[in-house]
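Both chains are given apart, each in its own frame, so use the hints to dock them into the complex.
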Amino acid sequence: MNRRDFIKMGALGGVIVLTRPSLIDQKLFAHDGRLYESFEKVQLVDEEGTPIKASALEVDVDYIFQYPHAGTPCILLNLSEKSEVNVELKDALGDIYLWSEGVGKSGSIVAYSAICSHALTHPNKSESFFAYVPKGKASAAIEKGGAIVCSSHLSSFDPRNGGKVLGGPADQPLASIVLEHNAQDDTLWAVGVLGSAKFNDYFNAFKTEMDRDWGGKRQAKKLVKISAPTVKLTKFTKEVIQY
Amino acid sequence: MSMTRRDAFKVAGATAAVAAAATFTGCAKAEGAAPAVAPSQSHVTLMPKSKGKRVVIIGAGFGGLAAAKYIRKQDASIEVVVLDRRDIFMSCPFSNSLLGGLEDVTLDTLTRDLYAGAAKYGYRLEQCTVTGIDRASKTVMTSCGSVDYDILVLSPGIDYDYKGQFPEWSDEKIRHVQQQAPAALMAGSEHLALKRMMDNMDGGNVIITVPAGKYRCPPAPFERASMIAAYMKKEGIEGKVIILNATKNIAKGKAFKEVWADKYSGLIEHRDDCTITDIDLTNNKIHYKQIVGVDKEEKEIVETKVESFAVLNFIPKNKANAVVAMSGVKTNAWGGVIMNGASFQSKDDKHVYAIGDVVGHGVPPSGQTANWTAKEAVKEIVAQLNAHEPYKLNLPYSAANVCYSMVTDGPEEAIMVTHDFSFNGTVIAAKATVPHPKDGDGKYRSKGLAKATREWYRGILDDMFM
Ligand SMILES: Cc1cc2nc3c(=O)[nH]c(=O)nc-3n(C[C@H](O)[C@H](O)[C@H](O)COP(=O)(O)OP(=O)(O)OC[C@H]3O[C@@H](n4cnc5c(N)ncnc54)[C@H](O)[C@@H]3O)c2cc1C
Ligand code: FES
Chain G
150 MNRRDFIKMG
160 ALGGVIVLTR
170 PSLIDQKLFA
180 HDGRLYESFE
190 KVQLVDEEGT
200 PIKASALEVD
210 VDYIFQYPHA
220 GTPCILLNLS
230 EKSEVNVELK
240 DALGDIYLWS
250 EGVGKSGSIV
260 AYSAICSHAL
270 THPNKSESFF
280 AYVPKGKASA
290 AIEKGGAIVC
300 SSHLSSFDPR
310 NGGKVLGGPA
320 DQPLASIVLE
330 HNAQDDTLWA
340 VGVLGSAKFN
350 DYFNAFKTEM
360 DRDWGGKRQA
370 KKLVKISAPT
380 VKLTKFTKEV
390 IQY
Chain L
144 MSMTRRDAFK
154 VAGATAAVAA
164 AATFTGCAKA
174 EGAAPAVAPS
184 QSHVTLMPKS
194 KGKRVVIIGA
204 GFGGLAAAKY
214 IRKQDASIEV
224 VVLDRRDIFM
234 SCPFSNSLLG
244 GLEDVTLDTL
254 TRDLYAGAAK
264 YGYRLEQCTV
274 TGIDRASKTV
284 MTSCGSVDYD
294 ILVLSPGIDY
304 DYKGQFPEWS
314 DEKIRHVQQQ
324 APAALMAGSE
334 HLALKRMMDN
344 MDGGNVIITV
354 PAGKYRCPPA
364 PFERASMIAA
374 YMKKEGIEGK
384 VIILNATKNI
394 AKGKAFKEVW
404 ADKYSGLIEH
414 RDDCTITDID
424 LTNNKIHYKQ
434 IVGVDKEEKE
444 IVETKVESFA
454 VLNFIPKNKA
464 NAVVAMSGVK
474 TNAWGGVIMN
484 GASFQSKDDK
494 HVYAIGDVVG
504 HGVPPSGQTA
514 NWTAKEAVKE
524 IVAQLNAHEP
534 YKLNLPYSAA
544 NVCYSMVTDG
554 PEEAIMVTHD
564 FSFNGTVIAA
574 KATVPHPKDG
584 DGKYRSKGLA
594 KATREWYRGI
604 LDDMFM
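Note that the protein sequences, when read in sequence, are chains G and L. For the first sequence, the numbering used here assigns the number 150 to the initial residue and increments by one for each residue that follows. For the second sequence, the numbering used here assigns the number 144 to the initial residue and increments by one for each residue that follows.
Here chain L stands alone, though its shape is the one from the complex (with noise of 0.2 Å):
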């Protein structure tokens, strides 16, 4: 959907924006339903005009939820309005436990009513899709109106970057793909639809790729494979859990291949360097080359291969979420907002502040450092709006994410990674932990470990509503 279209939202100014939004609004995957804009609606107004004090934040996420409650607990006077395509909450963490099928875990589990925070603390959340950003009036557009902005916060998460994979594939077969072959790294309907094809499966291989380059959670589609294994094996369905990694690289490596080998041997494969050449839903079969060694020249080795598929996780590369480039801050190649220094604010604009998975420093793409930033960026924007000091971030800050992934069933188990963040002269870069939990025989995994996953889970929600 809209990164088809994101070049035309790079044109700023209201009107090219609102022209955009009504092919944006009328294609695709109708997100929210939102209604199609015309032009001449461009006047149209979400609400009166800010009386200075005025913070939109665009995503109901992981950060954006964060954001909007603390500013709010931190200083009453300011206004706070939240904008979200979606109007239900669902949660990404957490979500390969209902693949895996654990006990207790269903839709109820990943979602929340949308509006408990607001409701609480006394902001605003509007149902409407972001179309358009004009930096220079501090307006937003949106599919149901505009809305003029003193502070503008930007957590719209990323988007799925078919397009720059696969730049031969048509719009069509794009939204194919999306439908049979579900990422699900975007809470809403495609983990429900791959957990109906996981319902549905009597046997036959699960494909799973992971992209090259930044995607949001390192660890989910490790942490997926391994949920999906144990499901397999306890519904005694026939069959393996085939990753395709576009890379070496496997998030919390050493602690994922510890519990493959301990518990899903025959039962999990990963495969290195594994660039996806197509994909045939016709007859469920994934086509990919694979780096298998370098010859005596030390050229690369590439083969030409084929795999079929019962049920395939297709994770495409991830890019930041269109939202920003619509605002036209500086970027970096993947599309996160360049910050200015140790801050959450952009280095363009000291109006625009960015958040969660689009920040341009080198912290994990995660909800619990979502969360984080949220609250570091509240510190700076109350500062700004009230023209005291400078907040300075807390740096270096050791444990400053944990992340915790579901391994086993019967009993559940769990590893987890901890990130020290610190800042090194550009951005804010992170170190990572796989610590041995002292209740894990010398695993890397433990039965302490999935509970404090589960109560992790529920913390970290209800520091965004309750």
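One chain only, chain G, in its complex shape (with noise of 0.2 Å):
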């Protein structure tokens, strides 16, 4: 695949977009302009700059890497099983857009912004209330796994369904990260993100983390250009928090 077709239409079924990411360089505009942007493409590398193997990726572990801005934490997953195709979702204000699938080989690879969609919780530093729970490990939030789960206030959000909400507050699904797999090399970059993101009132809210991590919120918020670091979220924050 490695192209990921994707629609967008109006709340109440008005016009259809049909396009494809990589080929979109600006920004997208739906009657708002919310659901598609691409940013630079960025290649997924390691903490030494080696570009990462989509097939070395370890299964159902968290990884985290910043984008599009040097301090916007997204999560990264090779699922332990192909994600559903075309999944359609709805963000907060009713508006319908299509996710179109996982990447790699096995149609596995999916990324999503790890900032809550409810209330801004992520991984930071010093700790994270955001992580993946895999299929069969129990939550607070939801029986049986398989859901990346945010334990403030126990939202539930599903990996294979373009990120969406399988319970709690949350009113939309996570924002996604568009990725593009390079099938040649088998490296993994990112594009652009899809879905309603809140990256103005996270960098709005956290100011003293923004200064502590990321030396401020001017510096947070720069664009990410040329590659963008991929560590497991274990190695990310210091302390991994749980529900």
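Hints are computed from structural coordinates only; laboratory data are not their basis. Predicted model only: the values in this text are computed from it and were never measured. Backbone N, C-alpha and C define an ideal beta-carbon position, used for all residues, glycine too. Don't take every hint at face value.
What the hints assert, rightly or not - Derived lysine-lysine pairs resembling DSS-like cross-links, with alpha carbons at most 25 Å apart:
1. G:K293 x L:K574
2. G:K381 x L:K586
3. L:K581 x G:K387
4. G:K190 x G:K374
5. L:K590 x G:K286
6. L:K281 x L:K338
7. L:K442 x L:K432
8. G:K274 x L:K590
9. L:K581 x G:K381
10. G:K370 x L:K376
11. G:K384 x L:K590
12. G:K239 x L:K263
13. L:K357 x L:K574
14. L:K377 x L:K574
15. G:K286 x L:K581
16. G:K286 x L:K574
17. G:K374 x G:K384
18. L:K432 x G:K366
19. G:K387 x L:K586
20. G:K384 x G:K371
21. G:K371 x G:K274
22. G:K293 x L:K357
23. L:K338 x L:K428
24. L:K263 x G:K356
25. L:K428 x L:K281
26. G:K239 x L:K216
27. L:K581 x G:K384
28. G:K274 x G:K384
29. G:K356 x G:K384
30. G:K387 x L:K590
31. L:K581 x G:K274
32. L:K383 x L:K432
33. L:K428 x G:K286
34. G:K293 x L:K586
35. G:K284 x L:K581
36. L:K194 x L:K493
37. L:K535 x G:K239
Stated by the list, open to error - Below, a sample of chain L positions facing chain G; criterion: calculated Cβ distance under 10 Å:
38. K216
39. F309
40. E311
Here it is in structure tokens:
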């Protein structure tokens, strides 16, 4: 696959836009321009700067990279099974959009903004209440696991289905990070953000943390260029708190 | 205050209500220092007539502020007006951490600019006291004039029911008790007064009473006992915390009892089945009757007891805020609005909704539940005002409510409860689970949960204001 077709349509069945993210090099406008935004195409690399190989990603393990801003965490997962395909999602304003599928050889690699769509809880360098609970593992938020869980108010999201809300107070899916997989060299690239991301609220809400983790809000806001270091969540943060 | 005048509000119609208002605002504790309204001002309007899509929300608390924001987010063509007698937001949730003297918790932690959400989402917030509701003309009367609505949302929270609990007490005694033994279930100076009393105390008992019936935040008195005990330990205050509970029920009981046994042995004492009979503020004594067992004929053995205190946190019975009665919609015995099935619309009047503590469902009176009821009600209201298909609530809903309680300091630890909500054919009911956290070493409490408590609190406030 590696090209992610997606559709965007107005809330009440208005215009339908069908396009390929890799062909979009500017902001795509829905009626208010929120549903897809392309950013610089950035390669996922490890801490040393070596490109990450998609097939080397451990299964069901949380990885974190920063995208599209230097201080906006994203979660990368290589799920134990293939994702669903062409999932219809609805944001809080009722706008419908389509998430195409996971990437990689088995269509199991997905990435989402790790800023909770409810009230912005996210991994920071000291702790994370936000992590994937693999299938079969219980959580206070969702009995059977298989969900990204935010342990702040127990929202859960389905990574196999475009970050759809499974439970909790969140009223819209996690914004997803549009990935491209290069089948020739097995590399991964982030190209844009699909869905409603709350980056601005996030920058405003966590002043102290921006100072501590990123050297200030302005630094955190800078757009990521060329490559994005990708590390395990347990490495990125001191403590993973999960219920 | 209002409870003593409640009956007056039952009279519907503008004149009667405004006349009642004059007495109401003229008496006792002036919340928001509302000026008295003379009957002749009954025609004063707070704002021009509605153009057909106006929602008036009474109460800028956990329910009301969430509702205002989410209506505006979902449909900016709807005009939203929020009325509250306060002019600064202060939170009840997390306030026990202030009493516990937890790190970095100050009055700042508990307060917010009440107008922040209004500025961001374009709704109006008017500081005034609601004094009457006339459903026939769809008008709300306030200390600053009247305002008409197309949809009315009630989110006024609770009132204390001193009168119901002690019919023989004079209004003066009630006011005295309210100040000298603050209940601190309604955010404001009561919390600060309790804090002051704790700061000033050098030794003795802190007594916390737990009422019978529905009251706001069932774990709150027990969290408070734990936080006060933590504070006394830290400060080396000799004495103990005594909980006089009207029943045997302790919300999150297993988890609280475990931490009390592990960390506060001899410092927290919980007494079951205590009915308070009188409070003597001159001699700092509380009189009560306790059921101590049953005799051979299975009759209860009741003992009359008295206990002295240095600080008394007297939590009286609760009831729905008097605003509900002003609307005249049908209520249950507690005063909660009877709802139209699995909905937040009142059964009586499709133009009146209720959210937060005053819903007539079997869901816990908590901030997070208030937030959820608000968001679901908003979807119903937006559909109704736009003549769309009625919105059906998303039920059953698992882990719908999550409520943390801070229990220790040095290190901070907390416990949690979650509730699943479902519709039982009559009301939305809740089922509680108190889980063992993964990082708790087999205990109900953990350090991670304490961090989650802080994060929960930040998130729920940001959800109202950001
Ligand atoms: C100590 C304590 C700890 C708590 N901890 C938690 C917790 O950890 N988690 C949790 O989820 N919940 C907690 N709660 C419960 C939570 O505070 C309430 O359930 C929640 O505030 C209910 O929201 P509400 O909108 O119904 O009422 P409120 O938030 O009380 O809002 C009601 C508003 O209506 C206004 N009002 C009332 N009458 C009038 C009038 N006549 N005119 C104008 N305005 C009026 C009031 O000024 C107030 O601002 C706690 C409560 C207490 C007391
Ligand atoms: S911030 Fe994630 S559930 Fe509330």
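Each hint, compared with the structure:
1. Straight-line distance between C-alpha atoms of G:K293 and L:K574 comes to about 18 Å, which keeps the hinted pair within the 25 Å bound.
2. For a cut-off of 25 Å, the pair hint linking G:K381 to L:K586 is broken: about 29 Å separates their Cα positions.
3. This hinted pair checks out: L:K581 and G:K387 have alpha carbons roughly 16 Å apart, not beyond 25 Å.
4. Note on G:K190 and G:K374: the hinted pairing holds, with a Cα-Cα distance of about 8 Å set against a maximum of 25 Å.
5. Pair hint L:K590 plus G:K286 holds up; C-alpha atoms about 21 Å apart against a cutoff of 25 Å.
6. Between L:K281 and L:K338, the direct Cα distance comes to roughly 42 Å. Violation of the 25 Å bound is thereby established for this hinted pair.
7. Only pairs whose Cα atoms come within 25 Å are accepted, and L:K442 paired with L:K432 is accepted, the gap being roughly 15 Å.
8. Between G:K274 and L:K590 the alpha-carbon distance is near 17 Å, which keeps this suggested pair within the 25 Å criterion.
9. Proposed proximity of L:K581 and G:K381 is supported: the alpha carbons are some 20 Å apart, at most 25 Å.
10. Between the alpha carbons of G:K370 and L:K376 the distance comes to roughly 44 Å, so the proposed pair goes past 25 Å and is violated.
11. Proximity of G:K384 to L:K590 is assessed by CA-CA distance (about 20 Å); at most 25 Å being required, the pair is judged to hold.
12. For the suggested pair G:K239 and L:K263, the alpha carbons sit about 23 Å apart, so the restraint of at most 25 Å is met.
13. A hinted pair counts as satisfied when its Cα atoms are at most 25 Å apart, and L:K357 with L:K574 qualifies at roughly 16 Å.
14. Pair hint L:K377 plus L:K574 does not hold up; C-alpha atoms about 36 Å apart against a cutoff of 25 Å.
15. Under the criterion of a C-alpha separation no larger than 25 Å, the hint pairing G:K286 with L:K581 is consistent with the structure, at around 12 Å.
16. Of the supplied pair hints, the one linking G:K286 and L:K574 holds, its CA atoms being roughly 22 Å apart against a limit of 25 Å.
17. For the given pair, G:K374 sits about 22 Å from G:K384 by alpha-carbon distance, which is consistent with the 25 Å threshold.
18. Restraint check: the Cα-Cα separation between L:K432 and G:K366 comes to about 59 Å, which exceeds 25 Å; the hinted pair is violated.
19. A hinted pair counts as satisfied when its Cα atoms are at most 25 Å apart, and G:K387 with L:K586 qualifies at roughly 22 Å.
20. With a C-alpha separation of about 23 Å, the suggested pairing of G:K384 with G:K371 holds against the 25 Å cut-off.
21. Of the pairs offered as hints, the one joining G:K371 and G:K274 holds, with about 18 Å between alpha carbons and a cut-off of 25 Å not exceeded.
22. The straight-line distance between the Cα atoms of G:K293 and L:K357 is roughly 33 Å, outside the 25 Å bound, and the hint therefore fails.
23. A hinted pair counts as satisfied when its Cα atoms are at most 25 Å apart, and L:K338 with L:K428 qualifies at roughly 20 Å.
24. Simply put, L:K263 and G:K356 have alpha-carbon atoms about 19 Å apart, close enough for the 25 Å limit, and the pair holds.
25. Distance hint between L:K428 and L:K281 is unfulfilled; the C-alpha atoms sit about 48 Å from each other, more than 25 Å.
26. Under the criterion of a C-alpha separation no larger than 25 Å, the hint pairing G:K239 with L:K216 is consistent with the structure, at around 15 Å.
27. Among the hinted pairs, L:K581 with G:K384 is consistent with the structure: their alpha-carbon atoms are about 19 Å apart, no more than 25 Å.
28. Annotation: proposed proximity of G:K274 to G:K384 holds, straight-line Cα distance about 9 Å (limit 25 Å).
29. Of the pairs offered as hints, the one joining G:K356 and G:K384 holds, with about 23 Å between alpha carbons and a cut-off of 25 Å not exceeded.
30. For the hint pairing G:K387 with L:K590, the CA-to-CA distance comes to about 14 Å; that is within 25 Å, so the pair holds.
31. Note on L:K581 and G:K274: the hinted pairing holds, with a Cα-Cα distance of about 21 Å set against a maximum of 25 Å.
32. Of the pairs offered as hints, the one joining L:K383 and L:K432 holds, with about 20 Å between alpha carbons and a cut-off of 25 Å not exceeded.
33. Between the alpha carbons of L:K428 and G:K286 the distance comes to roughly 53 Å, so the proposed pair goes past 25 Å and is violated.
34. Proximity of G:K293 to L:K586 is assessed by CA-CA distance (about 23 Å); at most 25 Å being required, the pair is judged to hold.
35. Distance restraint check for G:K284 and L:K581: the Cα-Cα separation of roughly 17 Å lies within the 25 Å cut-off, and the hinted pair is therefore satisfied.
36. The straight-line distance between the Cα atoms of L:K194 and L:K493 is roughly 19 Å, inside the 25 Å bound, and the hint therefore holds.
37. A hinted pair counts as satisfied when its Cα atoms are at most 25 Å apart, and L:K535 with G:K239 qualifies at roughly 17 Å.
38. With its C-beta approaching chain G no nearer than about 7 Å, L:K216 sits inside the 10 Å limit, and its interface hint holds.
39. This hint is violated: L:F309 has a C-beta 38 Å from the nearest C-beta of chain G, more than the 10 Å allowed.
40. The interface hint given for L:E311 is broken, as the beta carbon of that residue sits about 44 Å from the closest beta carbon of chain G, more than 10 Å.
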